[in-house]
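Number of protein chains: 2
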Amino acid sequence: MADDDRLSLNTATTKRLTLTEALEAAQRAGLKHVGLWRDRVAEVGLPAAARLVAGSGLNVSSLCRGGFLTAVDPADRKAALEDNRRAIEEAATLGTRELIMVVGGLGEGDKDLVAARQRVADRIEDLVPHAEQHDVRLVLEPLHPMYAADRAVLSTLEQALDLAAPYAARTVGVVVDTFHVWWDPKVAEQVDRAGREGRLASYQICDFNLPIAADALLSRGMMGDGVVDFSLLTRLVDATGYQGPIEVEIFNADIWASDPDDVLTTMKQRWAELVLPYLTSSAAPQRV
Amino acid sequence: MADDDRLSLNTATTKRLTLTEALEAAQRAGLKHVGLWRDRVAEVGLPAAARLVAGSGLNVSSLCRGGFLTAVDPADRKAALEDNRRAIEEAATLGTRELIMVVGGLGEGDKDLVAARQRVADRIEDLVPHAEQHDVRLVLEPLHPMYAADRAVLSTLEQALDLAAPYAARTVGVVVDTFHVWWDPKVAEQVDRAGREGRLASYQICDFNLPIAADALLSRGMMGDGVVDFSLLTRLVDATGYQGPIEVEIFNADIWASDPDDVLTTMKQRWAELVLPYLTSSAAPQRV
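If you read the sequences in order, they're chains A and B.
Residue numbers for the first sequence follow our numbering, so the first one is 417 and each next one is one higher.
Residue numbers for the second sequence follow our numbering, so the first one is 417 and each next one is one higher.
The shape of chain A in the complex, shown without the other chains:
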């Protein structure tokens, strides 16, 4: 395979670029995949976004994101379900099966994590029929435990796989994001489990930078700039037989302020040094 055949640019990494600009940047860098955030899709509207993506020849590795399923208020719950059903439809229209789900945190003043986690389980159950109907997979994303209160009450891969267990692997999967799982003492066991269960739907990479950024969401770093052992995690993912795209998704103020082409150049260098050597599987499936 060509070196970059599996590398995917997630549009969060080039936050300042419009959808068109991000697609062009990925093409200039010789990439075959992009991971799309819904904000970039919404800016041009779904039909235009689908045309742009189809015209680019790029494969969409995932759509980010559905989720935010922890609302207690019935109206908020209904709104969240409607938004997630739209996200499912958007994924199908854009040509990806993988809808990344960031499940949401606790409401203001709410401290009942156990109940919030149960609400997530209930909303997943509500969404599964619509996902099945559109042949889209709800890809549960465990987030680093420092976001458990304000971003995602789903905190470990084990918890995500337990939550996915009642459903077909084709309909509910998990994403391994290096930033969120590198610290987990059970990561080897649970990545292997995700593979065995056929639920490993996406592999997202970036580093965990220290010190933690003032806005903790922006602590994601370019591979090699932080503490993550990409050789270990990539070997684990590779050992499952995962052959899909590998998305670089970085929220980082310095990277956002840099020239996007320079960012992609660095991204390809770090990929070649830190990730590619640990991949044995053949190229990612191409767009059909």
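One or more hints might be untrue.
Where chains are identical, the list cannot tell them apart; a pair therefore holds if satisfied intra-copy or between any two copies.
Stated by the list, open to error - With a Cα cut of at most 16 Å, we get these calculated EDC-like pairs of lysine to aspartate or glutamate: (1) Lys527 to Asp645; (2) Lys602 to Glu689; (3) Lys431 to Asp678; (4) Lys431 to Asp641; (5) Lys602 to Asp528; (6) Lys527 to Asp641; (7) Lys527 to Asp677.
Just so you know, these hints were derived from the structure itself, not from any lab.
Here the structure of chain A is known, so what remains is to put chain B in place on it, guided by the hints.
Structure of chain B alone, referenced to chain A:
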């Protein structure tokens, strides 16, 4: 029991106070226990510290802290073992069995978390005979995963209990610190396990404040100021039959800048509101 019979002031909460001042503040507040950090002990020297504590009539609930066991270099490893042996002796001299262990993070540039965790296991094995000889317990503290690289490669209660498993419960235990474990989907199961295995050696409380502080170590907050569900965690600890002291340990720049007597007043109010209602066990064992 009197309302505050189990409440313990950890000297980290009153960082500006000397050992003498912290003991006096605890006495003024009507407390029966203090948790000591080694820096406050070192300032006056161990014999004087032991005399001051004995003279105060206060029980020492724990000594904080041993640990930092991840060194690779043989000289650094030897120094760490010597320091931990001294910490064991200090705990015995100060009249507590419980030596809290913060195991340490990765060295500069090191990303091999698996190997670092194995070194911790090896150093615990090295230290167990000395701990047994002095009848002191090595109390393993899992730290929040946001500190996994720079502070403690021990990240969950499950991992701590697995690490403790080869040894007698009297010699290797664990501490449940609300700040570090509140997010863990397995916290109920693992606190119960700690109780069943006789390893629940200490219960430390404080809140998890958001946003995360610029210095992430200082995100600990007064109970009630953050996202922690003290009713849940206290019920879990109580259900194990744990009857020991409960230490308030807060690293927080605003609290350190406040009048210590005011801090203790607030601490007692929050304890009475948020923790005490969930305790059914009788009073903590007193100093003999």
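Tested hints:
1. Only between protomers do Lys527 and Asp645 lie at most 16 Å apart by alpha-carbon distance; the minimum there is 5 Å, versus 33 Å within a single protomer.
2. In this assembly of identical chains, the alpha carbons of Lys602 and Glu689 never lie at most 16 Å apart, being 26 Å within a copy and 36 Å across copies at closest.
3. Taking the shortest Cα distances, Lys431 and Asp678 sit within 16 Å of each other inside one copy (14 Å), while across copies they are farther apart (46 Å).
4. For the identical chains of this complex, Lys431 and Asp641 are neighbours neither inside a copy (19 Å) nor across copies (34 Å), given an alpha-carbon limit of 16 Å.
5. For the homomeric pair Lys602 and Asp528, the shortest alpha-carbon distance between copies (15 Å) is at most 16 Å, but the shortest distance inside one copy (25 Å) is not.
6. When the C-alpha separation of Lys527 and Asp641 is checked against a cutoff of 16 Å, the pair qualifies only between copies, where the shortest distance is 11 Å, while the shortest distance within a copy is 34 Å.
7. Neither within a single protomer nor between protomers do Lys527 and Asp677 lie at most 16 Å apart by alpha-carbon distance, with minima of 43 Å and 28 Å respectively.
Consistency with the previously given hints fails for numbers 2, 4 and 7, ordered from lowest to highest.
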